[in-house]
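Line by line, the protein sequences are chains A and B. The numbering of the first sequence is the working numbering, which starts it at 1 and goes up by one. The numbering of the second sequence is the working numbering, which starts it at 1001 and goes up by one.
By construction, these hints were calculated from the structure, which means they are not laboratory data. Treat the hints with care, since some could be wrong.
[Said to hold, decoys possible] Partner residues aside, some chain B positions facing chain A, computed with beta carbon under 8 Å:
1) Leu1037
2) Ser1055
3) Gly1059
[Claimed, not checked] SDA-like mimics (lysine to any residue), calculated; alpha carbons at most 20 Å apart, straight line:
4) A:Lys476 with B:Ser1023
5) B:Lys1002 with B:Lys1041
6) A:Lys616 with B:Ser1023
7) B:Lys1083 with A:Ala652
8) B:Lys1083 with A:Leu43
9) B:Lys1083 with A:Glu637
10) B:Lys1074 with A:Ser556
11) B:Lys1083 with A:Lys616
12) B:Lys1002 with A:Met351
13) A:Lys616 with B:Ser1095
14) B:Lys1074 with A:Ser610
We put the CB at the ideal spot given by N, CA and C, even for glycine.
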Amino acid sequence: MPNIRPATWLLALATGSWLVLLLGTLSQGRPLLGLPPDWPRWLLLLAQGGFAASVFLYVRLQPDALHGHGFLPLLRRLFWRGLVLTALMAGVQGFVKLAAERALPLPGDATAAVGYTISLALFIILLAQTLYVWRSLVNFRGSERLQREWTAFELILGAALLFQLLVWHVPDLLLLAVIVGLGLFGVYLSGHQRWVAYLSQGQKVQAIMLQLGVLGFLSAFLFVLRGAQHDPILLAPPTQQAFLVLTSSFAVFYAVAGLLVTLFNLPVADVYEQRRAEILSLQQLSQIIQRGQTAPEIYQALFTSAVQTIRADAALLDAQPQPTELPGASTTSLAHELTPADREAIRGQLMALQVPDQREFLDNDLARSQRLTGLSRPYGSAAVLPLRSSSHDYGMLVLLKKEQSGFDPEDLSILHTFTTQTVLSLENLQLAQEARVSQRAQDELRIAALVQERLIPKRLPTDNWFEISTYAQAAKEVGGDFYDFLHLPGQRLAVLIGDVSGKGVTAAFHTAQMKGIFHALMQPNPLAKKERERYPDPHRFMVLANEALTHCLERSSFITASFYLIDYEAGGFSFARAGHCHTLYYHSIKEEVSYFRSEGLGLGILRDASYGRHIKNQFWDYNPGDVMVIYTDGIPEARNANGDEYGEDRLAQMLSESFYQSAEEINRHIRQDVQEFSKGLPLHDDQTLLVIKFKSAQPQG
Amino acid sequence: MKVTAQPADSTLTLILDGELDASSAVVLDTELNKPELLKYKKVLIDCQRLSYISSAGLGVFISHLQRLQDANVKLVFFNMQEKVFNVFEILGLDSLMNIAPTQEAALAA
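Produce the entire structure from the sequences given, and follow the hints as far as they go.
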């Protein structure tokens, strides 16, 4: 058997029942199709009941036409269907009348019977349509209980169809009582008019019109059918009185109730509309937030929502620039109906309020309070709201209304909800941004630390005429300290120490460059005539390094460095200082600790030949037992909890306490004191400390 | 840090207040980058309230040194605290930049 949908069965059943009903009606008072006249009453009632039941069930099977809040489209569709059905009915009735009056060659009573049957069918169709539109409306936002009640109502309507079929002789009083009881049930269901609250003012007016239309169609049918039943030329068969009365009275009553509810809702519609606008604005705001939009979009959403919801006559929103820059945020300034001069006046007057808390107020009488004066148009009331979280100030929102007492507490509370939401989203945005920045910074630091770690010489030069001890500690935001040694032929030692300005990857990069320059310049010159000239002297080293750096150091960066060329055979060293910390020295013969205070300009500051004039080559003859302390500014500039600097004096003091010890012990003595000094504080700059102690040469081996 | 500009005739005085570190160096750089700066004969830097200067802060002055020199604008520092002066001195900038003890001396320089 082919798979036929129930709807098709119902349509077939409806058509069949209607045909039986038509024939039964025609059979009243005359024989038909060779059958006896006056078909039995139960057959007619059954046919009518079958038709009604199948039409109702068919409509019931259709998917619920109510989508979301589309009440008006639903009513409009019902209206148009009602109009078509009524027009058809009017056409049929007109034709019947015409047939009767003009004495068309048609059997008058038969025409009336056919017209009546068609009209009855149209009426039942209209009732079914109306009932199920009402069902959608009744059940809108209804509870489960209400749905059960509705189903019960439908079952009772169905039972009413059987009612007249089964009970042959119902006492009128009982029938009346039952009908009244069921009618009351219908009245109770008609009370469910929640949907009306969801209409705007304009929609309510339309809804009233449409409901009036539907009522009109129902009345037209009732009028015509009632008239037809009393028509002398029509031998009216019995009708499904109970069912029709029940259904049509419910349909009419629900329409009337809806009409009244809508009518009485009209005056308060604007309140509802405002609330709805608020809800929509909030939704819009949170959607923008969820989409992770930019700061200007969030500001714009707040501004639009606030102005529309509060119906402000003028408004201003100024964003506050943030330390962690939200792209585009600092430039955001939105105005509504305000001239540039007005904006400046408002900003000035608000900024003049010293206490930030005073910059939040609701003033419903600006004329008397003399606040926000001097604007191009007079305003009666103002609301000023800061966009502030516990940690940040994101700007402020100013709303103005022409009338006095323009803002009520409700407005303020809604505005607070808006601003809180906005601040929350801006904060989220900022946190995300900060997380990105900090992630990048951490990556950079890791790279910088890695580079610096690789650049530190892993093996110290050793010889029998000196001791070297090194200490290097990188700060968290790795700076640009570096040092290097090179053991040259002929018992000579080249020492370089320096500090690149800046921090992080850039500094690490320049450190690497400096190391490369050092090793490149310390290649023996094959053209040198004398052994001593095979390597550049410190002055020349600095001039060449400065020239090399000129091409790769950005303009605001510079490098401080000290370069020493120690010659054991000559018993002395030459050195040059390019803006680097002064060398601390222990003089064993004079038994004195002092700094070599020499002049010398940092590398990369002067980028032409004149640099050479700012660098001096110095010589020093050392004695065994002398100690040289070379360091970067992280040592003397180490700070304690009070913010005091460690200082050169204390450094010198440390050397005078420990000069007799080994290089390693001297180094440890100094660094322990520095660490003690800034105990518990994070390193704010790299610290490098080299100690070189000269010894009498021990016989080798 | 706060930077206050005080223009007077052919002299612009920038008053520095606070610590000149990497973050505040940006503010100073913006100020020194203004094209109208080159209209003055002299730019005086009042360092009385400058309590600290980092290498980034020095870098700002160093990067503008050549530009000001080319435009014949004299850059003079005055009222420098000893600690700050030490930083200039160690780096060798005292031989390169005009550092005057007082405002009068700076104006006369």
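Just pull the numbers of the violated hints for me, sorted ascending.
1, 5, 6, 8 and 11
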